[in-house]
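Number of protein chains: 2
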Amino acid sequence: MVPMSVKEYDVVAVGGGTGGLVTAAGAAYLGARPALIERAALGGDCLWTGCVPSKALLASARRAHGMRHAEEVGVAASSAPLSFRSVMERMRHARATVAHHDDPERFRKMGVGVHFGAASFTGPGTLEVEGVGTVRSKRIVIATGAEPFVPPLPGLQEAGYLTHESAFQMDELPPSLVILGGGPVGLEFAQVYARLGARVTVLEAAPRILSAEDPDASAVLREALEEEGIRVLTGATAVRVELAAPGGEAGKVVVTDEGDTHRAHELFVATGRRPRSEGLELERGGVDTDGTAVRVDDALRTSASGVWAVGDVTGGPQFTHAADYMAKTALRNCLLPFSSRVDLDSVPRVTYTDPEVAHVGLGEAEARDRGGRIFHYELADLDRAIVDAATRGFVKVSADRKGRILGATIVASGAGELLQPLILARRHGLGLSDVAGTIFPYPTMVEGVKRAADAYQRTRLEGVGGILLKKLVSWLT
Amino acid sequence: MVPMSVKEYDVVAVGGGTGGLVTAAGAAYLGARPALIERAALGGDCLWTGCVPSKALLASARRAHGMRHAEEVGVAASSAPLSFRSVMERMRHARATVAHHDDPERFRKMGVGVHFGAASFTGPGTLEVEGVGTVRSKRIVIATGAEPFVPPLPGLQEAGYLTHESAFQMDELPPSLVILGGGPVGLEFAQVYARLGARVTVLEAAPRILSAEDPDASAVLREALEEEGIRVLTGATAVRVELAAPGGEAGKVVVTDEGDTHRAHELFVATGRRPRSEGLELERGGVDTDGTAVRVDDALRTSASGVWAVGDVTGGPQFTHAADYMAKTALRNCLLPFSSRVDLDSVPRVTYTDPEVAHVGLGEAEARDRGGRIFHYELADLDRAIVDAATRGFVKVSADRKGRILGATIVASGAGELLQPLILARRHGLGLSDVAGTIFPYPTMVEGVKRAADAYQRTRLEGVGGILLKKLVSWLT
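So the protein lines, in turn, are chains A and B.
Just so we're aligned: 247 in our numbering is position 247 of the first sequence, and the numbers increase by one with no gaps anywhere.
Just so we're aligned: 349 in our numbering is position 349 of the second sequence, and the numbers increase by one with no gaps anywhere.
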């Protein structure tokens, strides 16, 4: 018999973001008794401080920008004043709508035990949850996510700063911002603030923005952001922060390694995220870490028997769809006798700036190293892009000799949507010939994908088969 | 020897729209000597009076509408006055940009003989081209397209009317229009005119608009159009047109079979299109017709040896991408010894209203008749749709017991883009399990496709396999 104060479950997910929610819901669906332990509110970063509210702000910023540039489609531009507060209120309203999906009652009705409180390991398979008591399970899935990594810059704490965790609580737009970090988070916020009326400077230490993406994508996006008036500085490392003299207009000054100073009303730190595992007392559970990341193998097992980890806390790709994928894999592995492995190279990623940057698989250099060839198509040539005034961007696909897709990058309005046929083809072994041999409706943006595949098809006609085909035609005509 | 006035080619395409252009370019690419005969300008309806200019107008109309409804994303709405003339000028500018693809010099450089003039058969394999002379070929591909079908309504000719052939020449927006026909052309124009400021009434004889599409799609689109202030009347057959008394505000009156009258400044006829074959003297070439449609088999052969037909003139699907597909098939069949067949059921179609309506394969009723099951997902539930304020619409997929895709309809902003993964999957035999087993980036609109596929996956868990899986889980936990 279990003592009264101990709750026992078949599966316990620690963390109520995507990883934990998918684990718990899936376990309930399969008839196991799952629990979900969360410190704050179900939904995680994605819902509260990440994808959902940021995409809501991007939608507003996109609309405002489209209104100011309506002449590009022959419509009189609007310079109606923007209310930052109403944009933020609308974001919160949209977020509240989405939040219904993550209502604790919904999960309780599925049969999930939902407990609120901070959890820590007290031993193998045993957790203590503040205000709840002891929770025991033979299967624990750690899904505690990540948090902003704030670099230890002298003066930064004193000056104060925003991150994606605090930014959605603001109600007034700072007239000017310096954003530290030119990755997806920094650039999405940069575009939001700039389009809503702020003067924005982005400082990126690497030689280019979006340094994990295709270099051409970085260049196209940089050009787009600069055209909108955003100052983008690369190879610029912040070394300290100072408060400007009182009474001055803009209060915070970032000093770079070259001694340049960048002054603004507000700072935004977007220099990466780090796994959130402090307070879990992982060592008591026998769970090894790399820094704050929970170490997992490709079956998502930690060093402790009966403990798995999924999502951002593993230090893997920091995406909701990655957490979903990992949670489904971990759930199979913890409930069923066979072991599935994750293929994190197959996880696509999208930066939701305008244009969006979407990628799956190998990068261009890596693909070339493996003998891949690159097929590139510029949207400036695409009929729908021309009529929609959305010609900025390209489709780039790498493929091996047989046309199998190694990787793909799309920069376009809606690139995250347009990439899906290539993600599907790559996942299921369809090649560029198969893509080229499929009818795409005209006129669409996704035709750009077909055009890149057509470029591959033409190389086949340049090969031996093509020469024979032309000889045959010449002989028959 | 061929007399001086006779030009001889390996392949002759009659008609310089998509079908003819693709035929001629493909033949040149394969090393044959092709010619292209066109009465007016290369590019066809698609470029001059169809897809290209209509999508340009829809882009402007979408922008104007988005500006007036910007509160939906927390941005102050704009009521800036619209200049119809500048929208039309912008459309012509975009069209001119696209037209570079169809520049005759580009085709001549490929090795295509481009001849302008009306063509007619003078015998098997022989054409007379006005102002050019006799053109002979063992392989003739008829690609003369279609034209608006104007019903023989008493009073219509006297009153005057617009069609898609004349509408792009206008520079002033009629304050009010009655549109005859609630198919894709009628509805796209209805939305353009309404969003640009006209009062629009659509009269459709069938019981619903877009009668070839999914009934739910018709209903959702009708609701959207009516919310924008468009009057949509179904089951309403026009029987005659009258001119209103001089001096009255609106000059033209459509009388329906029920005696209702609909008065407007202008009429727009969008009651279908009919193949354009008059003047070709097809009987002299031995080419049979059905009405004005050139009769073809599924290898696109006409009744005359050495004559094929592609695109709208066959009376098949009236889409640029269908003409492209047919032209590629006909070219293979006329140049190479094996015979390919077209599968016109695989041709997708999109109505480019907002929301768009995109479809491929079987309709719901047909799919159910074949034992298919329907998987439906409402965009109102989708996170990206919520944050983008684009929740109107759905994804509906029909699949057989094994999950193979029979058909799919998407109603959504950008539905024409979102359908492509399903078109690709259907074409290459991937099933809904394969779609569900693919990672979709979050948060995207195309995730709606995955959600529909997930609904299929859940039915598998309800089957024998699912029961066994749950038993296994229960036994293991």
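FYI, nobody ran anything at the bench for these hints, they're computed from the structure.
Check before you lean on any hint, since a few could be wrong.
[Unchecked claim] List time: in silico DSS-like cross-link candidates among lysine-lysine, alpha-carbon distance up to 27 Å:
{"hint": "1", "chain 1": "B", "residue 1": "Lys138", "chain 2": "A", "residue 2": "Lys471"}
{"hint": "2", "chain 1": "B", "residue 1": "Lys470", "chain 2": "A", "residue 2": "Lys138"}
{"hint": "3", "chain 1": "A", "residue 1": "Lys470", "chain 2": "B", "residue 2": "Lys471"}
{"hint": "4", "chain 1": "B", "residue 1": "Lys328", "chain 2": "B", "residue 2": "Lys138"}
{"hint": "5", "chain 1": "A", "residue 1": "Lys138", "chain 2": "B", "residue 2": "Lys328"}
{"hint": "6", "chain 1": "B", "residue 1": "Lys328", "chain 2": "B", "residue 2": "Lys470"}
{"hint": "7", "chain 1": "A", "residue 1": "Lys471", "chain 2": "A", "residue 2": "Lys328"}
{"hint": "8", "chain 1": "A", "residue 1": "Lys109", "chain 2": "B", "residue 2": "Lys470"}
{"hint": "9", "chain 1": "A", "residue 1": "Lys402", "chain 2": "B", "residue 2": "Lys328"}
{"hint": "10", "chain 1": "B", "residue 1": "Lys471", "chain 2": "A", "residue 2": "Lys7"}
{"hint": "11", "chain 1": "B", "residue 1": "Lys328", "chain 2": "B", "residue 2": "Lys402"}
{"hint": "12", "chain 1": "A", "residue 1": "Lys7", "chain 2": "B", "residue 2": "Lys470"}
{"hint": "13", "chain 1": "A", "residue 1": "Lys402", "chain 2": "A", "residue 2": "Lys470"}
{"hint": "14", "chain 1": "A", "residue 1": "Lys470", "chain 2": "B", "residue 2": "Lys7"}
{"hint": "15", "chain 1": "A", "residue 1": "Lys470", "chain 2": "B", "residue 2": "Lys109"}
{"hint": "16", "chain 1": "A", "residue 1": "Lys471", "chain 2": "B", "residue 2": "Lys471"}
{"hint": "17", "chain 1": "B", "residue 1": "Lys138", "chain 2": "A", "residue 2": "Lys328"}
{"hint": "18", "chain 1": "A", "residue 1": "Lys328", "chain 2": "A", "residue 2": "Lys402"}
{"hint": "19", "chain 1": "A", "residue 1": "Lys138", "chain 2": "A", "residue 2": "Lys402"}
{"hint": "20", "chain 1": "A", "residue 1": "Lys138", "chain 2": "A", "residue 2": "Lys109"}
{"hint": "21", "chain 1": "A", "residue 1": "Lys328", "chain 2": "A", "residue 2": "Lys470"}
Exercise. Taking each numbered hint in turn, which are not upheld by the structure, reported in ascending numerical order?
Worked result: Failing hints, ascending: 3, 5, 6, 7, 11, 16, 17, 18, 19, 21.
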